[in-house]
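**Student:** Okay, so the sequence shown: first residue is 1 according to UniProt numbering, each after it adds one.
These are calculated hints, taken from the structure and not from any lab test. Just so we're clear, the structure is a prediction, and the values are computed from it rather than from any experiment. We treat Cβ as the ideally placed atom computed from N, Cα and C, and that holds for glycine. A portion of the hints provided could be inaccurate.
To be verified - Once the Cα atoms are required to be at most 25 Å apart in a straight line, the calculated DSS-like pairs of lysine-lysine come out as:
#, residue 1, residue 2
1, Lys395, Lys480
2, Lys343, Lys305
3, Lys157, Lys103
4, Lys269, Lys345
5, Lys190, Lys157
6, Lys269, Lys549
7, Lys190, Lys158
8, Lys305, Lys567
9, Lys549, Lys395
10, Lys480, Lys103
11, Lys293, Lys269
12, Lys190, Lys267
Claimed, not checked - For each label pair, taking beta carbons as the anchor points, the in silico distance ranges come out as:
#, residue 1, residue 2, range
13, Lys67, Pro367, 51 to 57 Å
14, Ser524, Pro350, 32 to 38 Å
15, Ile60, Gly193, 34 to 40 Å
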Amino acid sequence: MRPSPSTLHRYPPLPYLRLRRLRNLLILLITCTILYESYPPFRHSLLALVRCARLMEAVILNVWDYKQTFAFEDSLTPLDSLTADQRSVRRQRRRECHLRSSKRMLEALKKNSGIYVKLGQHVAAVQVLPPEWTSTMTPLQDQCFPTPIPDVDLMLKKDLGKGIEDLFYEFDPNPIGVASLAQVHRAIDKRSGRRVAVKLQHSDLEEFAKVDMATVNFAINLVRYVFPNFEFSWLGEEMNQMLPLEMDFRQEAINATRTIENFSEFKGKTSLYIPEVLWAERRVLVMEYIDGKRVDDLAYLKQHKIDRNQVSQELSRIFSKMVYIDGFFHADPHHGNLLVRPKAKNSSSPFNFDVVLLDHGQYFDIPDELRVNYARFWLSLLKRSSEETSKERRKYARLVGNIDDEMYPVLESAITGRLNLSDPTTPDPSSRPSSLLDERSMDDKEIAKLRNAMMEREGLIMEIFELLRTVPRRLLMILKLSDLQRSLDQSLSTTHGQSRIFLIIAQYCAQAIYQSDLSLIRTSYNTNGLSFSLLEKYVSTIGSYMYWKTTFGLAEWLMDVRARWVKVGLWVHGLTRGGFRGAGLEMAGLSVV
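Work the whole structure out from these sequences, hints included.
**Tutor:** Next up, the structure:
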């Protein structure tokens, strides 16, 4: 039916409506573009909205994916009724879900950059999480993009009233290192005239930090609401506590100074060197420039005749002293934060090299009670397995991590990195090492195989999240540090075996316990005076410490002798493959091409 002439004038022609809508859309786009380019609050709000939407899209898709894979699957098929083949299919589906979800999250974190990359790096370092997650997040360690120099210059003028040309005689525009929060440039400082390394915070980090932290906290709470057993609050708590400190480089200067003081009494006994901080402001830090290479650069170590075994052992001594003696430790010692160089002229290192520790933004204090009890727990892991030893291990697991007997194997695996100590899939206990010093060690393939077997065990993922929820945050950081230490030892291709590193840790544990016991004895003496029982305890404390010290010293000597023979074997093998050049390469841990 055609409209009557009287009603035609009420409706505009269709082409006119389309033209008006197109005009309004064009006006809106032009207005938004002008506001984006000329009005910072609008630009900030729009970019923040995009970053939030990007993360929440990944989180919601992952929640749905896990809900479909886990919850729906559990509701339809009782676990007890599954055959072995069905269980295998079920585990494979869950591994695929882990991989899909981790890749989805990786893309969101990479695009958002900044603290999101830092978040992914933390996930990659927690080795008790499913390997699909940790391996997927690992590339974030090296995938950080630099801030353009004009933006850096603008930030300096805003903060200090001076630009790059006002602060430095020379400034290399190409960064020598880029991390999630900052980048580092070579320069010559005008204040001191010295060659320096300049650490500059990414200029947009502060702009989005608050909204990014709020978004991450919301996402964590959303996951916890949908999956109450999936516990990620530890990740949010760490970020909320540490990020504001890491974003203030003046705190980094304080941490570096405190660490220098802690190691000042170790002159002549340690290879540790911490670059001098010349000056620091909130978003810029200027320090002494160090010419060195990554500690795992085997070609560099060979060139300067530096023993890679000694480097690994020194790293273990440095971080063990921080944790067990000082109770104040660097919580992010990844490969990019550690350099090695030939011993400097003014160095007091007992070796022919210095270990240079960088990036002091993330440090943790450890309460004395946790520090000493954790040391006692570690020593119990070195004792031969027995009913008494088992009780002792579980006792200290409860004290340091609120861990019950059911959760104990997960904690032990997280601490030692040796899943076969309490491997529930091994029916014959005699096939398992009874202590960390047992010679039945595993190579990388065996470790990966056992780790995957543990991750496939039904219900283990829930136990891991329960562990992350239960243990104190400081202990989680110590576990992360232990993982990084093991990773460094493996990347150096050492010949002394992982037990050598365990021995070094144990020595510092024994020293921590000895110092604590002596302190308690002194306090008791000052309060109650001398008594026979106190004297007996004093003698027992000294005797116990001397026993551990002598035992560890002998074991270290034997392991070092064996490590030298392994190197000789590598030299001979390399000689047969590539002559003297091949012998030198294999002895240094390098491949003969």
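**Student:** Now tell me, hint by hint, if it's right for this structure.
**Tutor:** Evaluated hints:
1. Lys395 - Lys480: holds, 22 Å
2. Lys343 - Lys305: holds, 11 Å
3. Lys157 - Lys103: Status violated; Cα separation ~39 Å.
4. Lys269 - Lys345: At roughly 16 Å apart (the allowed maximum being 25 Å), Lys345 and Lys269 satisfy the hint.
5. Lys190 - Lys157: Holds, because 16 Å separates the two Cα atoms, which is no more than 25 Å.
6. Lys269 - Lys549: holds, 17 Å
7. Lys190 - Lys158: Holds, at roughly 19 Å.
8. Lys305 - Lys567: holds, 14 Å
9. Lys549 - Lys395: holds, 24 Å
10. Lys480 - Lys103: It holds: about 22 Å lies between the C-alpha atoms, which stays within 25 Å.
11. Lys293 - Lys269: holds, 22 Å
12. Lys190 - Lys267: violated, 31 Å
13. Lys67 - Pro367: 51 to 57 Å: violated, 39 Å
14. Ser524 - Pro350: 32 to 38 Å: holds, 37 Å
15. Ile60 - Gly193: 34 to 40 Å: At roughly 55 Å between Cβ atoms, Gly193 and Ile60 fall outside 34 to 40 Å, so the hint is violated.
Hint compliance for this structure: hints 3, 12, 13, 15 are not met, and every other hint is.
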